[in-house]
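Participant: Sequence:
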Amino acid sequence: MLIPKLYFDDSINSMFEGESKMKCDIYEKDNKYFVEMDLPGYTKEEIKIECDKGNIIVKANKESKEDDEERNYIRRERVYNEYSRSFYLGDIDEDMISAKFKDGTLTITVPKKQEIETKKHIEIN
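In terms of this note's numbering, the sequence shown is residues 7 to 131.
Because the hints were derived from the structure by calculation, they are not lab data. Bear in mind that the values here come from a model prediction, so they are computed numbers and not experimental data. Beta carbons: idealized from backbone N, C-alpha and C, even for Gly. Please note: incorrect hints may appear among the correct ones.
Here are the simulated BS3-like pairs of lysine-lysine, each with C-alpha atoms no more than 27 angstroms apart in a straight line [said to hold, decoys possible]: (1) K106 x K118; (2) K106 x K125; (3) K54 x K29.
Label-pair restraints from in silico Cβ distances [to be verified]: (4) E88 x D109: 16 to 26 angstroms; (5) Y86 x K118: 51 to 61 angstroms; (6) E88 x E42: 31 to 41 angstroms; (7) Q120 x R77: 26 to 36 angstroms; (8) N87 x K119: 31 to 41 angstroms; (9) I128 x K35: 48 to 58 angstroms; (10) K59 x Y79: 40 to 50 angstroms; (11) K29 x D97: 21 to 31 angstroms; (12) D36 x E129: 14 to 24 angstroms; (13) I130 x K50: 29 to 39 angstroms; (14) K27 x E75: 50 to 60 angstroms; (15) E51 x T115: 43 to 53 angstroms.
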C-alpha cells in the first residue's frame, strides 16, 4: 500500500483500509481448519463468531466512547465500526468448533466432519 500513500490523500487511503482491518490466515492440519485473525485493539467481548452451513462469520464491533461529545478533536483517525469477514470451509463439525483470543489474535479451530464410509462390497453368487 505504499504507492497510494505517496500519491493520494487520507480520504482515498481510507477506501483501502477496510480490506486490511481483519487480516487472517487459514490453514489445514490434523483433519481441522485453523483460522488465525489479527484483531488488535479489540476485546473478546467485542468479537462474535457465527457458523452457518459451513460458513464461519467473524464480526468485530468497537463502539465509540460515550464521552466523545466532550472532546474537541484535532485529528481523529480511529474508526468505530463493525467489521466482518466470512469464510466457506465446507463440511465441518459445527458442534466442535472452538475459539481463543490472546494478545490480539483470534484462533478458531474448525474440525472437519468425519467422512462415513459408504462403499459397500457386494458378494457375487
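Participant: Hint by hint, say whether it matches the structure.
Facilitator: Checked hints:
Taking the CA atoms of K106 and K118, the gap is about 18 angstroms. The hint holds against a cut of 27 angstroms. With a CA separation close to 38 angstroms, the supplied pair K106 and K125 exceeds the 27 angstroms bound. As the CA atoms of K54 and K29 are separated by approximately 16 angstroms, the hinted pair is consistent with the 27 angstroms bound. One distance hint, 16 to 26 angstroms for the beta-carbon pair E88 and D109, holds here, with the actual separation near 22 angstroms.
At roughly 36 angstroms, the beta carbons of Y86 and K118 sit outside the given window of 51 to 61 angstroms. A hinted range of 31 to 41 angstroms for the beta carbons of E88 and E42 is inconsistent with their spacing of about 21 angstroms. At about 55 angstroms, the beta-carbon gap between Q120 and R77 misses the expected band of 26 to 36 angstroms. Judged by the Cβ atoms, the range 31 to 41 angstroms given for N87 and K119 holds: they are separated by roughly 34 angstroms.
For I128 and K35, the hinted distance range of 48 to 58 angstroms is not satisfied, since their beta carbons lie about 37 angstroms from each other. For K59 and Y79, the Cβ-Cβ distance of about 43 angstroms falls inside the hinted range of 40 to 50 angstroms, so the restraint holds. Take K29 and D97: their Cβ atoms lie about 26 angstroms apart, and the range 21 to 31 angstroms holds. At about 36 angstroms, the beta-carbon gap between D36 and E129 misses the expected band of 14 to 24 angstroms.
The hint said 29 to 39 angstroms for the Cβ distance between I130 and K50, and at roughly 60 angstroms that hint is violated. Range check, K27 to E75: about 25 angstroms between beta-carbon atoms, so the 50 to 60 angstroms window is missed. In this structure the supplied range 43 to 53 angstroms is violated for E51 paired with T115, their Cβ-Cβ distance being about 20 angstroms.
Checked against the numbered hints given earlier, this structure breaks hints 2, 5, 6, 7, 9, 12, 13, 14 and 15; the rest are met.
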